[in-house]
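The residues making up each chain are set out below.
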Amino acid sequence: KQEVTQIPAALSVPEGENLVLNCSFTDSAIYNLQWFRQDPGKGLTSLLLIQSSQREQTSGRLNASLDKSSGRSTLYIAASQPGDSATYLCAQHGSSNTGKLIFGQGTTLQVKP
Amino acid sequence: EPEVTQTPSHQVTQMGQEVILRCVPISNHLYFYWYRQILGQKVEFLVSFYNNEISEKSEIFDDQFSVERPDGSNFTLKIRSTKLEDSAMYFCASLVAETQYFGPGTRLLVL
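Top line first, the protein sequences correspond to chains D and Z. Read in order, the letters of the first sequence correspond to residues -16 to 96 in the working numbering. Read in order, the letters of the second sequence correspond to residues 43 to 153 in the working numbering.
No wet-lab data here; the hints were simulated from the structure. Wrong hints could be hidden among the right ones.
Once the Cα atoms are required to be at most 20 Å apart in a straight line, the calculated DMTMM-like pairs of lysine to aspartate or glutamate come out as [stated by the list, open to error]:
1. Lys125(Z) <-> Glu140(Z)
2. Lys51(D) <-> Glu45(Z)
3. Lys125(Z) <-> Glu45(Z)
4. Lys84(Z) <-> Glu(-14)(D)
5. Lys25(D) <-> Glu60(Z)
6. Lys99(Z) <-> Glu(-14)(D)
7. Lys99(Z) <-> Glu140(Z)
8. Lys(-16)(D) <-> Asp10(D)
9. Lys25(D) <-> Asp128(Z)
10. Lys125(Z) <-> Glu60(Z)
11. Lys84(Z) <-> Asp22(D)
12. Lys(-16)(D) <-> Glu60(Z)
13. Lys(-16)(D) <-> Glu98(Z)
14. Lys84(Z) <-> Glu0(D)
15. Lys99(Z) <-> Glu127(Z)
16. Lys95(D) <-> Glu0(D)
17. Lys99(Z) <-> Glu110(Z)
18. Lys25(D) <-> Glu86(Z)
19. Lys(-16)(D) <-> Glu110(Z)
20. Lys84(Z) <-> Asp113(Z)
Footprint (simulated), chain D over chain Z, 3 or more residues, beta carbon under 8 Å [unchecked claim]:
21. 53 to 61
22. 105 to 115
Computed from the model, here is a short list of chain D residues facing chain Z with C-beta under 10 Å [as the list claims (entries may be wrong)]:
23. Gly24
24. Lys25
25. Thr41
26. Ser48
27. Asn80
The beta-carbon is built from N, C-alpha and C at its ideal position, and this holds for glycine as well.
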């Protein structure tokens, strides 16, 4: 059974700090991997898509990496801001690049001013 | 970013009643999905839909659930006889360039 795990479950950092969120997956035959942001009671906002042939993707202060051999992805947030406070979810494409997403449980980030 | 819309934003229903959740995917998208998130739990896949038919469904998606694309724009999820455990946030998503874009969700509360 394919599973996605995110550690830590929660993280609190002071404003300005660089941080790394971790995501691990059990299926090494991974297709694509997506990172999302979820604000409380809201929908999911897509942050980055890493295709299975790629090793990393960048968008602004965000950088996501993918290491299929170790079954890990990381989301690096540079110079964190209070507005970055949210839950960050990673999701693995389960059976194809058009197939279902398998989600981790998320890391809830709080950035303190 | 492209936008998926969902209605209603909130729905309260009595156990045993039928509910229909509506989604308007991004135009010209071909793949559509429903997911749900029970409070405090992971986002779970329900069903995917392509070319007017179900392409994959999870164990959760039993005979009480159905999906339909009644016209060229709407994509609906029907729960025939709701149970207490159906209370959750339901998300619709559509796919473009291998990225799934999610709607804001419908919060369903079954009493």
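Quick rundown of the hints versus the structure:
1. Lys125(Z) <-> Glu140(Z): Not satisfied, since the Cα-Cα distance of roughly 34 Å exceeds 20 Å.
2. Lys51(D) <-> Glu45(Z): Given pair Lys51(D), Glu45(Z) is violated - Cα atoms ~31 Å apart, limit 20 Å.
3. Lys125(Z) <-> Glu45(Z): This hinted pair is violated, its Cα atoms lying about 30 Å apart.
4. Lys84(Z) <-> Glu(-14)(D): The given pair, whose Cα atoms are some 11 Å apart, holds under the 20 Å limit.
5. Lys25(D) <-> Glu60(Z): This hinted pair is violated, its Cα atoms lying about 24 Å apart.
6. Lys99(Z) <-> Glu(-14)(D): Cα-Cα ~17 Å, so holds.
7. Lys99(Z) <-> Glu140(Z): Holds. Lys99(Z) to Glu140(Z) sits at ~19 Å (cutoff 20 Å).
8. Lys(-16)(D) <-> Asp10(D): Judged against 20 Å, a Cα distance of about 8 Å means the pair holds.
9. Lys25(D) <-> Asp128(Z): holds (18 Å)
10. Lys125(Z) <-> Glu60(Z): The given pair, whose Cα atoms are some 10 Å apart, holds under the 20 Å limit.
11. Lys84(Z) <-> Asp22(D): Judged against 20 Å, a Cα distance of about 14 Å means the pair holds.
12. Lys(-16)(D) <-> Glu60(Z): violated (32 Å)
13. Lys(-16)(D) <-> Glu98(Z): holds (16 Å)
14. Lys84(Z) <-> Glu0(D): violated (27 Å)
15. Lys99(Z) <-> Glu127(Z): Distance of about 18 Å is within 20 Å: holds.
16. Lys95(D) <-> Glu0(D): Roughly 10 Å separates the two Cα atoms, so the pair holds.
17. Lys99(Z) <-> Glu110(Z): holds (14 Å)
18. Lys25(D) <-> Glu86(Z): Holds. Lys25(D) to Glu86(Z) sits at ~16 Å (cutoff 20 Å).
19. Lys(-16)(D) <-> Glu110(Z): Outside the cut-off at roughly 29 Å; violated.
20. Lys84(Z) <-> Asp113(Z): violated (31 Å)
21. 53 to 61: Coverage by chain D is violated here, the residue count being 0 at a Cβ distance below 8 Å.
22. 105 to 115: Not satisfied, violated; 0 residues make the cut.
23. Gly24: Holds, because the Cβ-Cβ distance from Gly24(D) to chain Z comes to roughly 8 Å (cut-off 10 Å).
24. Lys25: It holds, given that the least Cβ distance between Lys25(D) and chain Z is near 6 Å, below 10 Å.
25. Thr41: Violated, about 15 Å.
26. Ser48: Nearest chain Z Cβ about 18 Å off; hint violated.
27. Asn80: holds (5 Å)
Hints 1, 2, 3, 5, 12, 14, 19, 20, 21, 22, 25 and 26 from the earlier list are contradicted by this structure; the remaining hints agree with it.
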